Every structure is written in C-alpha cells, then in structure tokens.
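Peer 1: If you read the sequences in order, they're chains A and B. Just so you know, we're using the working numbering here: the first sequence kicks off at 1 and counts up by one. Just so you know, we're using the working numbering here: the second sequence kicks off at 1 and counts up by one.
A few of these clues could be false.
The calculated DSSO-like cross-link candidates involving lysine-lysine, where the alpha carbons are at most 30 Å apart (straight line), are [said to hold, decoys possible]: (1) 102/B to 217/A; (2) 297/A to 165/A; (3) 23/A to 92/A; (4) 327/A to 217/A; (5) 102/B to 68/A; (6) 102/B to 283/A; (7) 102/B to 297/A; (8) 102/B to 460/A; (9) 165/A to 128/A; (10) 22/B to 463/A; (11) 443/A to 102/B; (12) 242/A to 102/B; (13) 102/B to 427/A.
In short, the hints are calculated from the structure, not lab data. Predicted model only: the values in this text are computed from it and were never measured.
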Amino acid sequence: MTVRIFVPRDAAALALGAERVAKVLASEIEARGLDATIVRNGSRGLHWLEPMVEVETPEGRIAYGPVKSSDVAGLLDAGLIEGGNHALCLGKTEELPFLKRQTRLTFARCGIIDPLSLADYRAHDGLKGLERAVTLAPADIVAHVTESGLRGRGGAGFPTGIKWKTVLETPGVRKYIVCNADEGDSGTFADRMIMEGDPFVLIEGMAIAGIATGATKGFVYIRSEYPHAIATMTEAVEIAHKAGVLGTSVLGSAHAFDIEIRAGAGAYVCGEETALLNSLEGKRGIVRAKPPLPAHKGLFDCPTVINNVISLASVPIIMDKGPIYYKDFGMGRSRGTIPIQIAGNVRHRGLYEVAFGLTLGEIVDDIGDGTASGRPVKAVQVGGPLGAYFPRALFDTPFDYEAFAAKDGLIGHAGIVVFDDTADMLKQARFAMEFCAVESCGKCTPCRIGSTRGVEVADKIAKGIEPEKNRELLADLCNTMKFGSLCALGGFTPYPVMSAMNHFPDDFSPAPIVEAAE
Amino acid sequence: MNLHLSSRDIGIRTLDIVSERKSLEGPLLPILHEIQAEFGYVPQEALPIIARELNLSRAEVHGVVTFYHDYRDHPAGRHVLKLCRAEACQSMGGDQLAERVKTLLGIDFHQTTLDGAVTLEPVYCLGLCSAAPAAMLDGEVHGRLDADAVDGLVAEVRA
Numbered sequence: 001m002t003v004r005i006f007v008p009r010d011a012a013a014l015a016l017g018a019e020r021v022a023k024v025l026a027s028e029i030e031a032r033g034l035d036a037t038i039v040r041n042g043s044r045g046l047h048w049l050e051p052m053v054e055v056e057t058p059e060g061r062i063a064y065g066p067v068k069s070s071d072v073a074g075l076l077d078a079g080l081i082e083g084g085n086h087a088l089c090l091g092k093t094e095e096l097p098f099l100k101r102q103t104r105l106t107f108a109r110c111g112i113i114d115p116l117s118l119a120d121y122r123a124h125d126g127l128k129g130l131e132r133a134v135t136l137a138p139a140d141i142v143a144h145v146t147e148s149g150l151r152g153r154g155g156a157g158f159p160t161g162i163k164w165k166t167v168l169e170t171p172g173v174r175k176y177i178v179c180n181a182d183e184g185d186s187g188t189f190a191d192r193m194i195m196e197g198d199p200f201v202l203i204e205g206m207a208i209a210g211i212a213t214g215a216t217k218g219f220v221y222i223r224s225e226y227p228h229a230i231a232t233m234t235e236a237v238e239i240a241h242k243a244g245v246l247g248t249s250v251l252g253s254a255h256a257f258d259i260e261i262r263a264g265a266g267a268y269v270c271g272e273e274t275a276l277l278n279s280l281e282g283k284r285g286i287v288r289a290k291p292p293l294p295a296h297k298g299l300f301d302c303p304t305v306i307n308n309v310i311s312l313a314s315v316p317i318i319m320d321k322g323p324i325y326y327k328d329f330g331m332g333r334s335r336g337t338i339p340i341q342i343a344g345n346v347r348h349r350g351l352y353e354v355a356f357g358l359t360l361g362e363i364v365d366d367i368g369d370g371t372a373s374g375r376p377v378k379a380v381q382v383g384g385p386l387g388a389y390f391p392r393a394l395f396d397t398p399f400d401y402e403a404f405a406a407k408d409g410l411i412g413h414a415g416i417v418v419f420d421d422t423a424d425m426l427k428q429a430r431f432a433m434e435f436c437a438v439e440s441c442g443k444c445t446p447c448r449i450g451s452t453r454g455v456e457v458a459d460k461i462a463k464g465i466e467p468e469k470n471r472e473l474l475a476d477l478c479n480t481m482k483f484g485s486l487c488a489l490g491g492f493t494p495y496p497v498m499s500a501m502n503h504f505p506d507d508f509s510p511a512p513i514v515e516a517a518e
Numbered sequence: 001m002n003l004h005l006s007s008r009d010i011g012i013r014t015l016d017i018v019s020e021r022k023s024l025e026g027p028l029l030p031i032l033h034e035i036q037a038e039f040g041y042v043p044q045e046a047l048p049i050i051a052r053e054l055n056l057s058r059a060e061v062h063g064v065v066t067f068y069h070d071y072r073d074h075p076a077g078r079h080v081l082k083l084c085r086a087e088a089c090q091s092m093g094g095d096q097l098a099e100r101v102k103t104l105l106g107i108d109f110h111q112t113t114l115d116g117a118v119t120l121e122p123v124y125c126l127g128l129c130s131a132a133p134a135a136m137l138d139g140e141v142h143g144r145l146d147a148d149a150v151d152g153l154v155a156e157v158r159a
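Sequences and hints are given; from them, build the entire structure.
Peer 2: Rendered as structure tokens:
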C-alpha cells in the first residue's frame, strides 16, 4: 500500500523550508522507486519543530522535525517510510505532549487532512454541522449558537448568537455574511493556519451562518500579507462550489449561499469591522460611527453578520456535537476553547487550542517552556499591538475575557508575544504609539493626533526631558485616546502604553543626569 | 508585469481590467489590485478611467489609492523585500536585523536601491510570529532569520 508522507504547506512551515523538503523528498522517492506519496497538509501548530514531516504507519502517524532538505536522504536511509528511528524522530505525533494536552475542537482537522480534499474533510467529520443545519429552522440554528456561549474570537468577545439573531430578525431583501480575515495583530496566526490548513471548516461555518440569518452571499476579507491563505481559500471555495456545498442549493437544500474571496490592501485598521465593510465596498478603510450596527446596516447598508474566522470556524462543531458539548469547556462567561498563539521569544512557539481558564504563567512557563533566548521573561504582550504588557507578577491571571479585563488587559485574538529581559518597555510603548500613528484611519482626532503626540512625549521621556511631567502627560493623553477614540485602534493603544508604564516604571525613568563632582 | 508603457497602452489595458470587474460588488479594490499586478504600480493615467467607468469622482479614487499601503504610485525595484517590524519579530531581534539590511543595501525603508535591484518595505506582521524574525522576498516567506540568513537574502537580490 502506498505510504502517505505529510509535509506541511502552512506559511510558517514554508518560511522554514518546507517547500525544499517536499521537493527533495519527491525526487528521492522517485529515484529510490519507493511506494510513497506526499500530502501537503496544514500545520499541527508545533512551529519550533517545523518543517515537521509525518509518516502514516499502521501504529499511527510518526513525526520528524525540524527537517531540513539536507536531512531527507538520511531520513529515507533510516527507513522513514516505515516510521524508522532517526535523530529527528519525535515519536507518535498524537503522543507529543504539546498536542496531547490540547483540546482541539476548532482545529480538530488542521494538520491532519489534506486541506483541499473535500473527501478527506468529510472523512474527518466535516460537513456534519451543515448537514444538520439545513434540516433546522433558522431560529433553531441561532438558538444553538447562542446556547453554546460562543463569543467573538476577533477580540471583542461579543456573543455570536446575539449578533446572528439581530440579523435574522432584521428585514432585508439582501443580507451578507462577512468573514473578517484581516488578522493584523502581531502574535496572531490562528486565522491564517485554519484558512491554510482546513479551509472547508470556515466555508461550512459561513454557510451555516447564511442559512441561520437568511443571507445568501458571503465575503472573506483576507489581508494581502497572507497570499498563501488567499490562494488556499480561493481554491477551496471553487471546490466547494463544484461539489454543491455552495451555490444555489446548499447540500441539495432550498438554501442558496455563495462566497467570494477578497484581498485587503495593507491597512491594519481594516481589521476593525466597519472599516472592513467600507473597504469591501471599495472605499477608504475609514471607521464608521455606531449605531447603526452592521447587523442592521452593514455591507451596502444591508443587514450583515461580520465575524472573525475562528468564530465562524467554531460553528460547525457546535452544530454537529451540540451546544452543550461546546459549552462544557471553559470558565465563567468564556465558554468553549480558544486557540492560543504562543509567539515571540519563547521556546515552544505555535498554536495551542485549549479550554479557557489556563493561567498566563502556565501558558508561558509550562507550555511555552520559557524564552527561546534562555534569559528570564520580562513581559508578555497579550492580544496584539493593542494588548497590554503583563509582567511576571500577573502570571496568575486566568485566560478568560473578564479576568483579563479586570487586570486592564485584553485577550484579543489570543496571541501571546513573549519578551526577555533585554526588552525596553519605553521603546515598546513608543512603538505602540508609532504603530497607531502609521495605521490610524484619520477619522477621529484622539487617534490621529494623539498617537503622533504620544511618540513625541515618549521620546522626551527617553531623553530625560522633564520626565515626571511628561509621564503625567502621556497618561493624560492615553486617557483621552481611550475614551475619545471612535474605535479600538485609538481606544486600545493606551493598553500597551499604560501597562508598560505602570508595570515597568524603571524603563520610564531617564538615565540619571551626571552631575559634576563638588 | 509591463513596464515602459505609453499612456495610451495604460489606458487601453486599464479599461479592459475595469470592464472585466465592473460587475463585482464593490469592485474598486479588486480593480486596483489587478492594475498593480499588471503595471507594478497604479499609474496616474489609470485613475480618471477608473473614476469614469465606476461613476466615481477622481478624488474618491485618488483617496482610496493613497489610503492603502499596498498601492504604489511608481514602480518598485526588481525585487521587493518586506521585513516584519511588529512586536513578535522585535522580541527576536528584528530591529537589529532591519538595521543590518538597511546598512547592507544602503537604503532606508520605502526606498529602492539606485541600481533598481530592490525595494525595502516594512510590513506589520506576516503571521509568522512563531517563526520570528520573518521577511517576505517577492512573495516568498522566510522565517527564523539571523544575520547569515539576511545576508543570503541580500546577496540574492543583489545578484
């Protein structure tokens, strides 16, 4: 029987040389006349071991990594296709502690299947949620999602079911499902991974949303920095269309639903939902004032569901296994699982899906295994460029929307960036302001002007110019931005700035002025 | 990618691109993406044609083109090197690598080398935060960069 060898096509694996590995492997297989075929899967999420090559054996999949193209011949000599032993052998993939301890619901198939094989998708419980949804009344689907406790995974944590209910109940001849795949936050890559590793789950989730709300058209707005995700999603939509998963009759039902893939054009602010809608309409990505809510007047003024990739990709399993199954995971008002993205200066970098409730310390020290540099952890930024920096003293904070808010932070899209003790927190605070200045859409003054003034004030502090007065001014400026900005860009930029200043005051004290000895 | 076209050629090709996409819902960004893919930048000559065909004012089209970081108003170098400047890459020494690349190429961000070989651009996150520091060279991604690796990238674009 032909042996299947898996070499990821995920962009993180490609960035680490997976393409060369696949090429060398293919030519070696041919040269040696081996009965093996290469499957280009998504990533399992153990990115420090990428490119991670897996071989299917009767005992299960065996992993090898990180594999360089120069390792391929040696691996084959060691009997790779029978799962033979080698210095790079990691053992059975399923037994790897980083994977074994996860609860993979949304990412159940990611890294396991061929992302563009609908047959593979079906064989791994794919389309079961949609099959169930087409038999239900829209209000019942909405009730399922509401009951599951699913909250927007884009960062705001708004209950997905409530959003869908509003769109369902708003009359409109045309309604839209918009998937926000403008994943611009540094430290986040869950959306990218699912689009590259299991695109059909997103398509299925969007189709379910369409049936639940009466929308017949969906858009996936993917940032242009993700060319691989755009290519995979585009191909997957074509396949789904040909197979009758999308089109005038979804899975043979009376429901019509179609999806179009759109590319962004390099504006971070388009991750904000109303700016994204403007961008889709072909306008500048300027934030809209709310109300009206997108659920009432969204894309082209039609009722619109706008959800993050992970929110939509979590819906199929909720429809398949039922809301109670999903709801049973998690803590407090944060139900289900969250794909935590562990990044930056940390040894075990990658994606870790788990029920809400782990503490930040467990994630960084235990799962992440400390810094990559081997130096002490100084700070951890949670939730992207608009998220707070957490010091070690707050490592007991559980991963939960409310718990993070209580510590003046946010979970955001669940990206965690670890910094070692060489980080200069004043520099990080300045960068937050600089980033806001570069990316501000310009509509509201606190964000547009405040960010530039913020950079200047941070520079004055760094130069030791009236430090006390300028620290006060920076805090005052943050206060104005937080409460006076129209959207989260200006409104949340104060989180990294204030957390850096509050938790790391030493970095905000200028170098002592050398006085002449008396 | 077609460089050195006359205004007339640009006009004809622009009209084709617009006509093919006019019926899309919200066609402006897809049109601009295609124009940039065709010409390597968004030529000024294309703007009035787009405006006329989509029934927009020229100011509106100009506003959109200049709002988004992706659209260029002049052609880039033969290679485009994008270095990630966001936090995850900073935590792994991305700033030092950026300085090294700037010195090696003798240019700053948003500039092109005099020989037209390479344009250096900052990018705020490639979603390769678990493989930081990261870069993209002509659409190909590179991760876990160190001094040797960026020297290699620079040599590649200089070749």
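Peer 1: Compare the structure with each hint and give your call.
Peer 2: Verification of the supplied hints:
A hinted pair counts as satisfied when its Cα atoms are at most 30 Å apart, and residue 102/B with residue 217/A does not qualify at roughly 45 Å. For the suggested pair residue 297/A and residue 165/A, the alpha carbons sit about 14 Å apart, so the restraint of at most 30 Å is met. A threshold of 30 Å between alpha carbons decides the hint, and for residue 23/A with residue 92/A the separation of about 24 Å falls inside it, so the pair holds. Between residue 327/A and residue 217/A, the direct Cα distance comes to roughly 29 Å. Compliance with the 30 Å bound is thereby established for this hinted pair.
For the suggested pair residue 102/B and residue 68/A, the alpha carbons sit about 29 Å apart, so the restraint of at most 30 Å is met. Distance hint between residue 102/B and residue 283/A is unfulfilled; the C-alpha atoms sit about 34 Å from each other, more than 30 Å. Distance restraint check for residue 102/B and residue 297/A: the Cα-Cα separation of roughly 47 Å exceeds the 30 Å cut-off, and the hinted pair is therefore not satisfied. Restraint check: the Cα-Cα separation between residue 102/B and residue 460/A comes to about 26 Å, which is no more than 30 Å; the hinted pair holds.
Between residue 165/A and residue 128/A the CA atoms are separated by roughly 22 Å; this keeps the pair inside 30 Å, and the hint holds. In summary, the hint linking residue 22/B to residue 463/A is not supported, as the alpha carbons are separated by about 54 Å, beyond the 30 Å threshold. For the hint pairing residue 443/A with residue 102/B, the CA-to-CA distance comes to about 33 Å; that exceeds 30 Å, so the pair is violated. Proposed proximity of residue 242/A and residue 102/B is contradicted: the alpha carbons are some 48 Å apart, above 30 Å.
For the given pair, residue 102/B sits about 20 Å from residue 427/A by alpha-carbon distance, which is consistent with the 30 Å threshold.
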